[in-house]
Amino acid sequence: MSNHADIWAAPLLAAGILAVGAYTVAVIHLAVGGWLAQARPGVGLLLQPARSAAVLMAQPATATERPDRAMAALSPALYAALAAVAVTVVPWSRSFSIADVETGIVLWGTAEALVIVAMFLHGWSSNSHQPLLAAYRFVAAGVSYLLLSMFVLIAAAIPAESLQLSRIVESQAGLWNVVRQPLGLPLFVVVALGSATWGPLDLADGSDVSGGTAAEASGIPGLVWMWARAAMLAAFAAMSAAVFLGGWHGPVLPGPAWMAVKTVAMITVLSAAGHLLARVPAERFVTWAWVVLLPLGFADLAIAGLGSLR
Amino acid sequence: MTVDLAFWVFGLGAVTTGWRVFRTASMVRATFLLLASFLNVGAIILLLGGAYLGVALLFMMTVEMAVMAIFMVAFMMNPAGLNPMTMVHQPRLAAAAGWVAFVAGAVMAGRGNFPERPLPGGRPVIADLGAELMGRSMLIFETAGVALVATMIGAVVLSSRRSRFGDEAGDEGSLPPALDPDTGSYPPGVIPEGVGSGHDHHGGHG
Amino acid sequence: MRALAPALAAFAGVFAVALAATVWPGAKAPLPPWPARAPWLGGGTPETHAWSRFHARYYPLTLVFVAFEMEMMFMYPWAVVYVREGVTALADMGVFLALLSLGVLYAWRERALRWQ
Amino acid sequence: MTVLRRLAQDAPAPVFVARGGGAGLLPVELQADPRLRMVGSARHATVLLAAGRFAGAMGDALDRVHDQLPSTGAVVWWTADPDAARPPSLAEATVFGGPDPVEAVLAAHRRAVSQPGARRAVLADEPPHPFEGRGDHGQGGEGMMGGVPFGRAMAMTADDRDGLALDQLPLQLGPFLLGLPNGVRVSAVLQGGVVQEAELEGLDLGEGRALAGADATGARADLRWLAEALRLGGLDALARRAARLARAGATDAAACARVAKLVRRSGLPAAWSKVGVVEGEDARSRLERRLRFDPRAGGRRPLPADRIGRALAGQDWSDALVTIWSFASVGERAPAAAAP
Numbered sequence: 007m008s009n010h011a012d013i014w015a016a017p018l019l020a021a022g023i024l025a026v027g028a029y030t031v032a033v034i035h036l037a038v039g040g041w042l043a044q045a046r047p048g049v050g051l052l053l054q055p056a057r058s059a060a061v062l063m064a065q066p067a068t069a070t071e072r073p074d075r076a077m078a079a080l081s082p083a084l085y086a087a088l089a090a091v092a093v094t095v096v097p098w099s100r101s102f103s104i105a106d107v108e109t110g111i112v113l114w115g116t117a118e119a120l121v122i123v124a125m126f127l128h129g130w131s132s133n134s135h136q137p138l139l140a141a142y143r144f145v146a147a148g149v150s151y152l153l154l155s156m157f158v159l160i161a162a163a164i165p166a167e168s169l170q171l172s173r174i175v176e177s178q179a180g181l182w183n184v185v186r187q188p189l190g191l192p193l194f195v196v197v198a199l200g201s202a203t204w205g206p207l208d209l210a211d212g213s214d215v216s217g218g219t220a221a222e223a224s225g226i227p228g229l230v231w232m233w234a235r236a237a238m239l240a241a242f243a244a245m246s247a248a249v250f251l252g253g254w255h256g257p258v259l260p261g262p263a264w265m266a267v268k269t270v271a272m273i274t275v276l277s278a279a280g281h282l283l284a285r286v287p288a289e290r291f292v293t294w295a296w297v298v299l300l301p302l303g304f305a306d307l308a309i310a311g312l313g314s315l316r
Numbered sequence: 033m034t035v036d037l038a039f040w041v042f043g044l045g046a047v048t049t050g051w052r053v054f055r056t057a058s059m060v061r062a063t064f065l066l067l068a069s070f071l072n073v074g075a076i077i078l079l080l081g082g083a084y085l086g087v088a089l090l091f092m093m094t095v096e097m098a099v100m101a102i103f104m105v106a107f108m109m110n111p112a113g114l115n116p117m118t119m120v121h122q123p124r125l126a127a128a129a130g131w132v133a134f135v136a137g138a139v140m141a142g143r144g145n146f147p148e149r150p151l152p153g154g155r156p157v158i159a160d161l162g163a164e165l166m167g168r169s170m171l172i173f174e175t176a177g178v179a180l181v182a183t184m185i186g187a188v189v190l191s192s193r194r195s196r197f198g199d200e201a202g203d204e205g206s207l208p209p210a211l212d213p214d215t216g217s218y219p220p221g222v223i224p225e226g227v228g229s230g231h232d233h234h235g236g237h238g
Numbered sequence: 013m014r015a016l017a018p019a020l021a022a023f024a025g026v027f028a029v030a031l032a033a034t035v036w037p038g039a040k041a042p043l044p045p046w047p048a049r050a051p052w053l054g055g056g057t058p059e060t061h062a063w064s065r066f067h068a069r070y071y072p073l074t075l076v077f078v079a080f081e082m083e084m085m086f087m088y089p090w091a092v093v094y095v096r097e098g099v100t101a102l103a104d105m106g107v108f109l110a111l112l113s114l115g116v117l118y119a120w121r122e123r124a125l126r127w128q
Numbered sequence: 025m026t027v028l029r030r031l032a033q034d035a036p037a038p039v040f041v042a043r044g045g046g047a048g049l050l051p052v053e054l055q056a057d058p059r060l061r062m063v064g065s066a067r068h069a070t071v072l073l074a075a076g077r078f079a080g081a082m083g084d085a086l087d088r089v090h091d092q093l094p095s096t097g098a099v100v101w102w103t104a105d106p107d108a109a110r111p112p113s114l115a116e117a118t119v120f121g122g123p124d125p126v127e128a129v130l131a132a133h134r135r136a137v138s139q140p141g142a143r144r145a146v147l148a149d150e151p152p153h154p155f156e157g158r159g160d161h162g163q164g165g166e167g168m169m170g171g172v173p174f175g176r177a178m179a180m181t182a183d184d185r186d187g188l189a190l191d192q193l194p195l196q197l198g199p200f201l202l203g204l205p206n207g208v209r210v211s212a213v214l215q216g217g218v219v220q221e222a223e224l225e226g227l228d229l230g231e232g233r234a235l236a237g238a239d240a241t242g243a244r245a246d247l248r249w250l251a252e253a254l255r256l257g258g259l260d261a262l263a264r265r266a267a268r269l270a271r272a273g274a275t276d277a278a279a280c281a282r283v284a285k286l287v288r289r290s291g292l293p294a295a296w297s298k299v300g301v302v303e304g305e306d307a308r309s310r311l312e313r314r315l316r317f318d319p320r321a322g323g324r325r326p327l328p329a330d331r332i333g334r335a336l337a338g339q340d341w342s343d344a345l346v347t348i349w350s351f352a353s354v355g356e357r358a359p360a361a362a363a364p
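Chains A, B, C and D, in that order, give the protein sequences.
Count along the first sequence starting at 1, add 6, and that's the number in my numbering.
Count along the second sequence starting at 1, add 32, and that's the number in my numbering.
Count along the third sequence starting at 1, add 12, and that's the number in my numbering.
Count along the fourth sequence starting at 1, add 24, and that's the number in my numbering.
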């Protein structure tokens, strides 16, 4: 059961899914924010991300005094491309993923690790102080949450006896992982918020460092970066839906529809977490991740292991 | 055909980025060019059918180069190469050694007599690896665990000044490295109390 | 490998488009004047370049992480054969993780997880 | 192209607000308006809204911010004394004297995205230090670490608490940074994101009339303070809610209590605990005091700037900002201006 898209169709499919996903993230983010701010958002909300994107497209790109131009151009592109490669391994139905790789969750982990590199380069390349501080503190958080991601995905692989995403979804036919391994999803949400540098883990682009690695970005480079962040969050929402919420399994509706519904639900959860939780100071997050969350990751693995003993 | 083409693309990519490592003045660029080189090598391993090994290489190298960048920038003078400089010491010797190694490797690869036992496609390589780790190689695997704990403890002991005895107690009793290990001379201003002064030693309490 | 090709193609395609979008609009524009290019400090000024021998406050942590991550690479194949191997695999990994927790516990007790 | 412009015109205007003399925390309330979007860096804005008076060093800082606004951006000056002397950056600004500048900002935004005439920089187009053609390679540097490559010196090493001697970054931050009270600038030496030494400077906010509504007391003042604190903590939606309540006059005690509850649940108090401990009191307890919206609790003696400056040493930069903001007095005379 290995299915994959045509090599020429793959980029278009990945970019299409991400474009829809990123726009959905933006709309839901505004809707939840408006609701929380009691601002009664109207239907104009649906166009608002396009409008804000148009502002950036009308704006010239700025430069700093002595940037590393190549790295400054490469890092947003790398980040966007990592969201694309991540979304390719997500299965949308029993018979369709863009690339149902045998080593799916390892490839996913590689993309997460490269996100840390992209983020660091984005902050480094402008040769500006606040982006640099933000990039370094992000790396501290990154090396702390990356292990959690590995633990929860490996735990999901145990009952599936495979690292392949389609098999992991298949293994949830009876019982979804969110029930079978209850610690997995909350820990994976931490990883999602970190990788998209969102809400409580917005350490790379936080307001306390004037927008962090993006503090110097305006115009289209800024837009590409913002898009990539939203796309990354969408990719993580889809991955959570596949690995923990049973993927395409569900009554009545066809598989892809269930995936869409679950992805949107996850985007709402992530967005609400972003709006309701304050940014965690990097130093405390690091201690917390190693001393509290990592043992929870062990426990998740133990639960998965004990549950899979025959 | 496609695989051949991909091999050449990744091969050239690996060599070019590897070469550029030594032609840049920025530590960050050097580190991530090296990463790019490793990623290309990982892709070649994937082409060779190492489904798990290839992706594992991509993963490990990414993480390790990210950590290396932090240390390179921290400890190297002029880490961004704002003033032009060269990354190589003893350039002639290095170039000669590099070429010798490259030619030797290329000759071995091209002229060597390798056994031809292609594995049947579709073998579950990852499960085989797992079975190996749980079977014959279990001792090796557990030994690696002990070695990694020793690595962690060693890394903490060597790098952290904070300790359970206090925030600056990590260097309790330790001395800065001597400039010249034979004569035991220290750079000016860092001669610790009780060293070379002939008095009784107090240790270095901060 | 055949399944990896679309993933690689998606990477390359999105990378190329995003790179072109970032680079192309500014390619012909003249460089903004010097004051427009000063680092953003909310009206403040720096004395030096930001690029420096940056004191990452968490360096012991990164070393612990590298060691830990190396061990994690064993766990992927382990997970695949877990159901087949049963209690052996559970015990094996239990010992392994117990060992590594010792490393993390030690790092925590020595306060190596805090900013140096 | 016209579609793009029409879309951009109707977008929420990304505005960077610089608070000057006589503005108090009144501009914080602007985020209540959904047609505006407050941004943290002038590079993200189409409109620079300068609120209040900008004299001396404040004017110089505004000039720098003005030049960092993308060249298509527009400038609006919100002032009670339109005839007062103004820094060069405000020479061509749209002047607005009324109580609510939102319409003026929106008009400036529409102008900026539809007919982007390049705004001229007001500072001289020259590098911080002349470097071209100097040094061994013509980029102003000497040897490995010397000279002024590309116009700036390189950072130099200094001892630090963990025994390493890595580079120090000496810089001045503000006065227009999120979390800095009006007219406060920080001269800090950072090493690896940790403050080694810091000094708070109170810049001259000038004399003259204050903006209508700049002075606020009681719950409204606390809500203004809270709105900025929440933005600093990454809670933009809650910050907008607090700003809306402040704008409505802070009369709804139950609504204020609900905001306080949401803030307590957000983890912000936990993030602020043990930060900026001065006289046995941390930023968390200062936050908690504000969250009670108790008019009698206000009016505590502002702390001298040098005490705050000393409290910053050893903190992470983001914690340092939290510390400074936790001491911000809501009135005009920010902590830095208080006599020791």
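Calculated directly from the structure, the hints in this document are not laboratory data.
The reader is advised that the hints may include incorrect statements.
[Stated by the list, open to error] With the C-beta cut set under 7 Å, the calculated list includes, among others, these residues of chain B facing chain A: (1) 51; (2) 53; (3) 54; (4) 60; (5) 79; (6) 83; (7) 94; (8) 98; (9) 171.
[Claimed, not checked] Pairwise CB distance ranges (calculated): (10) D/294 to A/316: 36 to 46 Å; (11) B/198 to D/275: 10 to 20 Å; (12) A/180 to B/156: 52 to 62 Å; (13) A/26 to B/37: 25 to 35 Å; (14) C/32 to D/127: 31 to 41 Å.
Glycine included, every Cβ here is placed at the ideal spot set by N, Cα and C.
Exercise for review: May I ask which of the numbered hints given earlier this structure violates, with the numbers listed in increasing order?
Suggested key: Hints 1, 2, 3, 5, 9, 11, 12 not satisfied by this model.
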